[in-house]
Amino acid sequence: MKLLKIIPSNPNERFIDMAVNALIDGKIIIYPTDSIYALGCDALNNNAIEEICKIKGLRSDKTNLSIICESISQVAEYARIDNDTFSLMKNNLPGPFTFILPALSKLPKAFKKRRTVGIRIPENNVALSLVRQLGRPIMTTSIEFDDDDYGCEPELIAERYAATADLIIDSGRGGIIPSTIVDCTGSAPEITREGKGILK
1 MKLLKIIPSN
11 PNERFIDMAV
21 NALIDGKIII
31 YPTDSIYALG
41 CDALNNNAIE
51 EICKIKGLRS
61 DKTNLSIICE
71 SISQVAEYAR
81 IDNDTFSLMK
91 NNLPGPFTFI
101 LPALSKLPKA
111 FKKRRTVGIR
121 IPENNVALSL
131 VRQLGRPIMT
141 TSIEFDDDDY
151 GCEPELIAER
161 YAATADLIID
171 SGRGGIIPST
181 IVDCTGSAPE
191 ITREGKGILK
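Following this note's numbering, the numbering of the sequence shown begins with 1 at its first residue and continues without gaps.
Treat the hints as calculated values from the structure; they're not laboratory data. We treat Cβ as the ideally placed atom computed from N, Cα and C, and that holds for glycine. Worth double-checking, as some hints may not be accurate.
[As the list claims (entries may be wrong)] Subject to a maximum C-alpha distance of 27 angstroms in a straight line, what follows is the list of computed DSSO-like cross-link-like pairs (lysine-lysine): (1) Lys-196 - Lys-56; (2) Lys-106 - Lys-56; (3) Lys-5 - Lys-196; (4) Lys-90 - Lys-200; (5) Lys-27 - Lys-106; (6) Lys-196 - Lys-90; (7) Lys-90 - Lys-106; (8) Lys-56 - Lys-27; (9) Lys-27 - Lys-2; (10) Lys-109 - Lys-56; (11) Lys-27 - Lys-109; (12) Lys-27 - Lys-54; (13) Lys-54 - Lys-2; (14) Lys-56 - Lys-5; (15) Lys-2 - Lys-56; (16) Lys-54 - Lys-109.
[Claimed, not checked] Label pairs and their in silico Cβ distance ranges: (17) Glu-159 - Ser-71: 32 to 40 angstroms; (18) Ser-187 - Asn-64: 17 to 25 angstroms; (19) Glu-159 - Asn-91: 38 to 46 angstroms.
Whole structure, please, built from the sequences with the hints as guidance.
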């Protein structure tokens, strides 16, 4: 596994390019968000998505899959957003929230088994730089850990995922509180998981 040290306040462009090239090649990376370190891949690469689902023991047809986008305008390419949801997202993003929205057909086969998609725009320059440079979303799911240090420390995360991920971005100690999930597919937004952040 390759380890790249990237400071969120001033992301190293060469290292960002290296990570993006790995995504383009269908590789699995681990990268920082504003909540927990995450496994990620090109959100339009169905094989890579299925590989992440295999790593976590998930079934893509039974699991809410999430993507990281650069902006709400990019979100609109992959999910349906009504006016109320747009206002809610605008008030809370970037931030540690996952919004569940109706998925559009532009997403690959793994998403088509579900009618919804989780949307994240994290307040993390590394994650946003990756999406911006890639030019399309990153499929994302939090790493799993039994011990807090194995969720926070990049060297220990790399040890845990050495056989399954190709590259890890070390941006220092991470967090252990997940994003707050807000389901926007019903008549009114509903928080289905209380996590980091206070919804405005």
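A quick look at each hint next to the structure:
no.	hint	verdict
1	Lys-196 - Lys-56	holds (22 angstroms)
2	Lys-106 - Lys-56	holds (24 angstroms)
3	Lys-5 - Lys-196	holds (25 angstroms)
4	Lys-90 - Lys-200	holds (10 angstroms)
5	Lys-27 - Lys-106	holds (21 angstroms)
6	Lys-196 - Lys-90	holds (17 angstroms)
7	Lys-90 - Lys-106	holds (23 angstroms)
8	Lys-56 - Lys-27	holds (15 angstroms)
9	Lys-27 - Lys-2	holds (12 angstroms)
10	Lys-109 - Lys-56	holds (19 angstroms)
11	Lys-27 - Lys-109	holds (18 angstroms)
12	Lys-27 - Lys-54	holds (14 angstroms)
13	Lys-54 - Lys-2	holds (21 angstroms)
14	Lys-56 - Lys-5	holds (25 angstroms)
15	Lys-2 - Lys-56	holds (20 angstroms)
16	Lys-54 - Lys-109	holds (16 angstroms)
17	Glu-159 - Ser-71: 32 to 40 angstroms	holds (35 angstroms)
18	Ser-187 - Asn-64: 17 to 25 angstroms	holds (19 angstroms)
19	Glu-159 - Asn-91: 38 to 46 angstroms	holds (39 angstroms)
In terms of the numbered hints stated before, the structure departs from none.
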